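As given, the protein sequences belong to chains D and V, one line each in that order. For the first sequence, position 291 (counting from the first letter as 1) is numbered 291 according to the working numbering, and the numbering increases by one without interruption. For the second sequence, position 399 (counting from the first letter as 1) is numbered 399 according to the working numbering, and the numbering increases by one without interruption.
Check each hint, because a few of them may be wrong.
If chains are identical, the list can't say which one is meant, so a pair holds when it fits in one copy or spans any two.
[Stated by the list, open to error] Only pairs whose alpha carbons sit at most 16 Å apart, straight line, appear in this in silico EDC-like list of lysine to aspartate or glutamate:
#1 K270 - E22
#2 K288 - D237
#3 K236 - E301
#4 K167 - E200
#5 K288 - D336
#6 K167 - E365
#7 K288 - D153
#8 K369 - E171
#9 K369 - E301
#10 K236 - D409
#11 K369 - D265
#12 K288 - E22
#13 K167 - E301
#14 K288 - D118
#15 K315 - E247
Derived from the structure by calculation, the hints contain no laboratory data. Keep in mind the model is a prediction, meaning the values are calculated, not measured.
Protein chains: 2
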Amino acid sequence: MSERPDAGSALHLRHETWGDHEALLARTRSGSGGRVGVVETQRRPIADAGQPFHFEHGGQLDTVEVAYQTYGELDARGRNAILICHALTGSAHAAGVHNEGDVPGWWDPLIGPGKPIDTNRYFVLSTNVLGGCYGSTGPGSLNPKTNQPYGPDFPRFTIRDMVNAQKRLAESLGITSFASVVGGSMGGMQVLEWAAAYPEWVRSMVPIATTPRHSAWAIGLNDVARRAIVSDAAWKDGRYAPDAQPETGLGLARAIAMLSYRSFDSLESKFGRERVVQPRADWGDAPKPGVLGSMLSVAFEIQSYLAYQGVQLTKRFDANTYLYLTRAMDDFDLADGRGRLRDVLASMAMPALVIGIDSDVLYPESESKTLAESLPNSTYHVLRSPHGHDAFLIEFPQIAARLRRFLNDLES
Amino acid sequence: MSERPDAGSALHLRHETWGDHEALLARTRSGSGGRVGVVETQRRPIADAGQPFHFEHGGQLDTVEVAYQTYGELDARGRNAILICHALTGSAHAAGVHNEGDVPGWWDPLIGPGKPIDTNRYFVLSTNVLGGCYGSTGPGSLNPKTNQPYGPDFPRFTIRDMVNAQKRLAESLGITSFASVVGGSMGGMQVLEWAAAYPEWVRSMVPIATTPRHSAWAIGLNDVARRAIVSDAAWKDGRYAPDAQPETGLGLARAIAMLSYRSFDSLESKFGRERVVQPRADWGDAPKPGVLGSMLSVAFEIQSYLAYQGVQLTKRFDANTYLYLTRAMDDFDLADGRGRLRDVLASMAMPALVIGIDSDVLYPESESKTLAESLPNSTYHVLRSPHGHDAFLIEFPQIAARLRRFLNDLES
Chain D
1 MSERPDAGSA LHLRHETWGD HEALLARTRS GSGGRVGVVE TQRRPIADAG QPFHFEHGGQ
61 LDTVEVAYQT YGELDARGRN AILICHALTG SAHAAGVHNE GDVPGWWDPL IGPGKPIDTN
121 RYFVLSTNVL GGCYGSTGPG SLNPKTNQPY GPDFPRFTIR DMVNAQKRLA ESLGITSFAS
181 VVGGSMGGMQ VLEWAAAYPE WVRSMVPIAT TPRHSAWAIG LNDVARRAIV SDAAWKDGRY
241 APDAQPETGL GLARAIAMLS YRSFDSLESK FGRERVVQPR ADWGDAPKPG VLGSMLSVAF
301 EIQSYLAYQG VQLTKRFDAN TYLYLTRAMD DFDLADGRGR LRDVLASMAM PALVIGIDSD
361 VLYPESESKT LAESLPNSTY HVLRSPHGHD AFLIEFPQIA ARLRRFLNDL ES
Chain V
1 MSERPDAGSA LHLRHETWGD HEALLARTRS GSGGRVGVVE TQRRPIADAG QPFHFEHGGQ
61 LDTVEVAYQT YGELDARGRN AILICHALTG SAHAAGVHNE GDVPGWWDPL IGPGKPIDTN
121 RYFVLSTNVL GGCYGSTGPG SLNPKTNQPY GPDFPRFTIR DMVNAQKRLA ESLGITSFAS
181 VVGGSMGGMQ VLEWAAAYPE WVRSMVPIAT TPRHSAWAIG LNDVARRAIV SDAAWKDGRY
241 APDAQPETGL GLARAIAMLS YRSFDSLESK FGRERVVQPR ADWGDAPKPG VLGSMLSVAF
301 EIQSYLAYQG VQLTKRFDAN TYLYLTRAMD DFDLADGRGR LRDVLASMAM PALVIGIDSD
361 VLYPESESKT LAESLPNSTY HVLRSPHGHD AFLIEFPQIA ARLRRFLNDL ES
C-alpha cells in the first residue's frame with residue numbers, strides 16, 4: 001500500500017510497503033466479490049473559528065481536518081452507511097488501491113461490490129482518526145499559528161474525541177445513522193465508544209479483538225513502547241524535525257508491539273531458530289565493537305523480522321503520534337463518567353457481533369467473551385487462528401462468513 | 001535479600017530488596033522444616049595458567065572464579081549432592097540469610113533441614129553461573145591484565161560453559177555425582193545441559209518452566225530487551241564506568257522482561273486500572289515538557305510497578321552481564337552438535353521431574369509438556385498459578401509437595 005504524504009502532514013512516507021507479511025498476502029487475495037478499484041483519500045475540515053473542536057481533556061482547535069475514504073453511494077435518507085474504524089497504525093485506506101497494481105487497503109477482502117460489506121448496498125466510510133498521521137490533524141501536522149509541527153503541544157485526545165470528530169464528518173457528509181460501526185483493536189474501542197455515546201447513530205456494531213477498558217497488561221506493553229521512544233535522544237522532548245525521527249526508539253517500540261500482535265506458535269512456525277543468512281545492516285544499528293559487539297548482531301530470523309518491522313514503521317509513522325495514540329488507548333475506559341461498566345454495557349441494546357481471537361496475546365479471548373456476555377443483544381464468534389491479535393487483519397474468510405451473515409440478518 | 005558486593009565485581013549493589021513482591025513474600029514463609037540459617041557466599045578458582053578455562057565459542061581465561069553457597073554435609077563418597085541452578089538475574093543465594101532478619105534466599109522454602117531438599121540428607125550446592133555478576137567471573141569483573149572491567153571483551157559464553165564451570169567446581173569440592181540437578185528457566189537449561197553432557201553425573205533432574213531450545217518468541221523478547229540497553233547512550237558500547245550504568249536501558253529491559261514473567265490475569269488482578277496516587281519521580285525519568293510531557297508521567301500503577309522493577313534491577317545487576325546472559329539463553333539448543341533433539345532427549349534416561357506452569361507466557365506449558373513426553377523416564381507436573389513464569393519462585397507449597405515425593409521415590 002502507498003499512503004501518499006499530504007501537505008499538512010509533517011511526516012514523509014518513504015516506503016511503499018507496510019504491515020506484516022501475512023496481512024499483506026491476505027489482502028492481495030481479494031475474496032469473493034468485485035473490487036472497489038482506485039480510491040483517493042479525501043480531507044475535510046470539521047471545525048472552524050465559529051465552531052472549534054473541543055477536546056475531552058481541555059483545549060480546542062479551530063482548524064481540524066479528517067482524512068477519509070468512501071466506497072459506494074449514500075442513500076437519500078443517509079441511513080445506509082457503515083463506518084470502518086482502524087487500529088493503532090492504520091489509516092483511512094481500508095479498501096481499493098491508490099494506483100493500479102498497488103496492494104489494496106487493509107480490509108479490502110471484506111469491502112466491495114458483493115463482498116460482506118457490500119458497496120452495492122452500503123455507503124462505507126473509513127476515516128483516519130483524529131490525531132493520526134495519515135492525513136487527519138494530529139501531532140505531526142503543522143500548527144497554522146507557528147508553521148511548525150504541533151509535536152508535544154498538540155492537545156491530549158481520547159477515543160471519545162476520535163468518535164466526536166468522526167461524527168462531525170459523518171454529519172457533514174449527510175449521514176444520519178450507521179447501519180453498522182465496525183473495527184478491531186483500537187478500532188473496536190471506537191466502535192464501543194460510538195455505541196455508548198451515540199446509540200441512536202449505531203444501529204449495529206462489530207467490535208473485534210478489543211476491550212471496553214484497557215487492561216494493566218495492555219497498558220504495560222504500551223508503557224514500555226512509549227519509554228523506548230522517549231529514551232531515544234533523537235526524540236528531543238518531541239521537538240524533532242520531521243525528517244529526523246527518533247527511529248531507534250520508534251523501531252524498538254514497534255518491535256515490542258509486534259511480539260504482542262503475534263503468538264508463540266505463529267513466531268515458532270514462521271521463524272523457529274532459523275538463522276539469518278545475509279545480515280541486513282540497514283535493519284539494525286551499526287555493529288558494536290568487542291566480543292559482545294559481534295554477539296549483538298542480528299543472528300536469528302526473528303530478530304531480523306522485528307528489526308525490519310521497526311524500520312518499516314519509522315518510514316510511515318510519526319513517533320509523537322504513536323505516543324498520543326497509545327496513551328488514548330490506555331486511557332480508554334468505556335465506563336468513564338457513565339457509571340458501572342456492566343450497566344453501561346447492559347444499556348447498549350443494538351445488535352452486536354463480537355469477535356475474539358483464540359490466540360490473541362494482547363486482548364485475550366476472555367475479554368471478548370466477557371464483552372459479548374455483557375451486551376444484551378450480542379452474537380459471539382471466535383476466530384481460530386495461530387496468528388494472534390493480528391488475525392483480524394489476516395483471517396478474512398472466517399471474518400467474511402460471519403460478517404456477511406450478521407449484516408444479512410439485520411436486513412431481514 | 002542482600003547480595004554483598006565482592007571485591008572482584010565491578011557492580012555496586014545499592015539496594016536491599018530485589019525481585020517481585022509476591023516472590024519476596026513467598027520466601028519469607030519458610031515452609032515446613034527447619035531453617036538453613038546464616039550463610040555466606042564463597043568463591044573458588046576453577047582455572048589457572050596451567051589449566052585455563054576454554055570457552056565453547058573460543059577464547060580462554062586463566063583466572064576464573066565461581067561464587068557458591070552450600071547447605072548440609074557432603075557424604076564420604078561425594079554422592080549426596082544436589083545442584084541448584086539459578087535463573088537469569090538470580091544468584092548463588094538460594095537458601096538461608098546473609099544476616100539475621102534478612103529476607104532469605106530465592107528458594108529458601110524448599111531447602112533446609114526437613115524441607116523437600118533436605119539438608120539433613122543432601123549436600124546442596126548453589127552456584128552463581130559463570131559470567132554472572134554475583135561473584136563469579138564475568139563481564140563485570142576486573143580483567144587482571146588491565147585492571148579494568150572486561151565489559152564487552154569478556155569471552156562469549158554459553159549454557160554449556162556454565163555447566164563446565166560448575167563441574168570443575170563440583171570436582172574440586174569432592175562431589176562425584178549429583179543425586180539431582182534442579183533449576184527453573186535459565187536454571188532449567190543448565191539442568192538439561194548437565195544431563196546431556198554428563199549423564200553419569202546426573203542421577204536425576206528437575207527442569208522447571210524451561211525449554212531444550214530457545215523459541216523464536218523468547219529470542220524476540222530478549223532481543224528487544226537487549227536493544228533497550230544498547231540504545232542507551234550511557235551504555236557506551238559496553239565501556240561504561242561501574243558507577244555509571246545505562247540505567248534507563250537496563251530498567252526498560254527489565255520492564256519488558258517483567259511483563260513476560262507475569263500474565264494478563266496476574267497483572268489485572270494486582271493492578272487493573274488503579275491510578276498512581278503519589279508519583280515517584282525517582283522511578284521514572286524527569287518530567288517532559290508540553291502537553292505530551294504531562295501524559296508521559298506515570299499514571300497507572302502498572303506503569304509504576306514496571307518502573308520500580310527496572311530501577312531495582314539497575315541497583316543490583318550489570319547491564320553487560322544482562323546482554324551476555326540473554327544471548328547465552330538465545331543460543332541454547334540442547335541438540336547443538338548432538339544430532340536430532342528428539343534423539344538427544346530420548347537418550348536421557350535418568351528419572352526426571354518436569355514442571356510446567358499453566359499461565360507461563362514466556363515458556364508456555366506446551367513446551368514443558370513436550371519436554372516431559374520426549375524424556376523416557378519422566379514425571380510431569382503442572383503448577384496451577386495465576387503468576388505466570390515467575391510461579392516457580394512463588395508457588396512453593398505446590399513445588400514442595402512434588403519435589404519431596406520425587407526425591408523420596410528416588411531413595412526407595
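So, going through the hints one by one against the coordinates:
In this homomeric assembly, K270 and E22 come within 16 Å of each other (Cα to Cα) only inside a single copy, at 10 Å, whereas the closest approach across copies is 36 Å. For the homomeric pair K288 and D237, the shortest alpha-carbon distance between copies (6 Å) is at most 16 Å, but the shortest distance inside one copy (27 Å) is not. Taking the shortest Cα distances, K236 and E301 never come within 16 Å of each other, neither inside one copy (32 Å) nor across copies (27 Å). For a Cα distance limit of 16 Å, the shortest separation of K167 from E200 inside one copy, 12 Å, qualifies, whereas the shortest one across copies, 73 Å, does not.
Taking the closest pair of Cα atoms, K288 and D336 never come within 16 Å of each other, the shortest separation being 48 Å inside a single copy and 26 Å across copies. In the homo-oligomer, the alpha carbons of K167 and E365 never lie at most 16 Å apart, since the shortest distance is 30 Å inside one protomer and 46 Å across protomers. Only between protomers do K288 and D153 lie at most 16 Å apart by alpha-carbon distance; the minimum there is 11 Å, versus 36 Å within a single protomer. In this assembly of identical chains, the alpha carbons of K369 and E171 never lie at most 16 Å apart, being 33 Å within a copy and 57 Å across copies at closest.
In the homo-oligomer, the alpha carbons of K369 and E301 never lie at most 16 Å apart, since the shortest distance is 35 Å inside one protomer and 26 Å across protomers. Neither within a single protomer nor between protomers do K236 and D409 lie at most 16 Å apart by alpha-carbon distance, with minima of 53 Å and 63 Å respectively. Only between protomers do K369 and D265 lie at most 16 Å apart by alpha-carbon distance; the minimum there is 15 Å, versus 22 Å within a single protomer. Taking identical chains as interchangeable, the C-alpha atoms of K288 and E22 are never at most 16 Å apart, the minima being 32 Å within one chain and 38 Å between chains.
For a Cα distance limit of 16 Å, the shortest separation of K167 from E301 qualifies neither inside one copy, at 44 Å, nor across copies, at 33 Å. In this homomeric assembly, K288 and D118 never come within 16 Å of each other (Cα to Cα): the closest approach is 54 Å inside a single copy and 47 Å across copies. Taking the shortest Cα distances, K315 and E247 sit within 16 Å of each other inside one copy (9 Å), while across copies they are farther apart (29 Å).
Of the numbered hints stated above, those contradicted by the structure are hints 3, 5, 6, 8, 9, 10, 12, 13 and 14, listed in ascending order.
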